[in-house]
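Asks: Take a look at the letters that make up each chain.
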Amino acid sequence: AQSVAQPEDQVNVAEGNPLTVKCTYSVSGNPYLFWYVQYPNRGLQFLLKYITGDNLVKGSYGFEAEFNKSQTSFHLKKPSALVSDSALYFCAVRPYRAAGNKLTFGGGTRVLVKP
Amino acid sequence: AAGVIQSPRHLIKEKRETATLKCYPIPRHDTVYWYQQGPGQDPQFLISFYEKMQSDKGSIPDRFSAQQFSDYHSELNMSSLELGDSALYFCASSAPGTGGTGELFFGEGSRLTVL
Chain A
32 AQSVAQPEDQ VNVAEGNPLT VKCTYSVSGN PYLFWYVQYP NRGLQFLLKY ITGDNLVKGS
92 YGFEAEFNKS QTSFHLKKPS ALVSDSALYF CAVRPYRAAG NKLTFGGGTR VLVKP
Chain B
-7 AAGVIQSPRH LIKEKRETAT LKCYPIPRHD TVYWYQQGPG QDPQFLISFY EKMQSDKGSI
53 PDRFSAQQFS DYHSELNMSS LELGDSALYF CASSAPGTGG TGELFFGEGS RLTVL
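Quick note, the sequences are listed as chains A and B, same order. Using the working numbering, read the first sequence as starting at 32 and increasing by one per residue. Using the working numbering, read the second sequence as starting at -7 and increasing by one per residue.
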């Protein structure tokens, strides 16, 4: 069975500073990896995904993530955080060629960007 | 662009009552997913449908049932409601031909409160 771990419940960062949200995964075979963001009382919004190819993927709103197979990690990064980036971030995994297309989510990391 | 539509957005029920949530996927999306998100929790997969057939099943209680109709909209029926069913219920859809690589597009959610 697949699983996702987000070791930090909350990340605090000053506006303009780099932001990193950590994610590690466990899955049989190659993973499909996703990042979503959730604002209060809203649905999850897709940020980016890794399927294959270049380990560095770029997504919406200036976010990027680096896939590291040896460390089974897929950390989300943004070079310069904005106050509006304050939200709940979820990492998710789907195994390659898994039966069904469901995503398994991590526990989420709350990001607080202070002015 | 059209998004996933969920109704109702808010629902208050008493214990042991029944509730029905509706989901209208993005046009031409062929797969619908239901997730349950408890307070401060990550979304938990309940069930999914592909081309109107159940494609995967997660932690959906026996008291719950769901189906996808000929117009691709889906309904989640919940009976004998319990206090623990209070949560945000998300519907998501994915585009055809994307297999496991496609991202899920989430609705804004239906918040169920059981008193």
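Note that these hints are calculated values from the structure, not bench results. Please note that a few of the clues may not be correct.
Reference excerpt, derived from the structure (chain A facing chain B, CB under 7 Å, subset only) [as the list claims (entries may be wrong)]:
no.	residue
1	G74
2	F77
3	R141
4	K145
Predicted model only: the values in this text are computed from it and were never measured. The C-beta atom is built at its ideal place from N, Cα and C for all residues, glycine as well.
Asks: All hints are to be evaluated individually against the structure, with a verdict given for each.
Replies: Hints, verified against the model:
1. Taking 7 Å as the C-beta contact cut-off toward chain B, the hint placing A/G74 at the interface holds, the least distance being around 4 Å.
2. Given the 7 Å rule on beta carbons, the hint for A/F77 holds: about 4 Å separates it from the nearest Cβ of chain B.
3. With a cut of 7 Å, the hint placing A/R141 at the interface with chain B is violated, because the nearest CB-to-CB distance is about 10 Å.
4. Contact between A/K145 and chain B, as hinted, is not supported at the beta carbon level, the nearest pair being about 22 Å apart and thus beyond 7 Å.
Taken one by one, the earlier hints fail for this structure at numbers 3 and 4, listed in ascending order.
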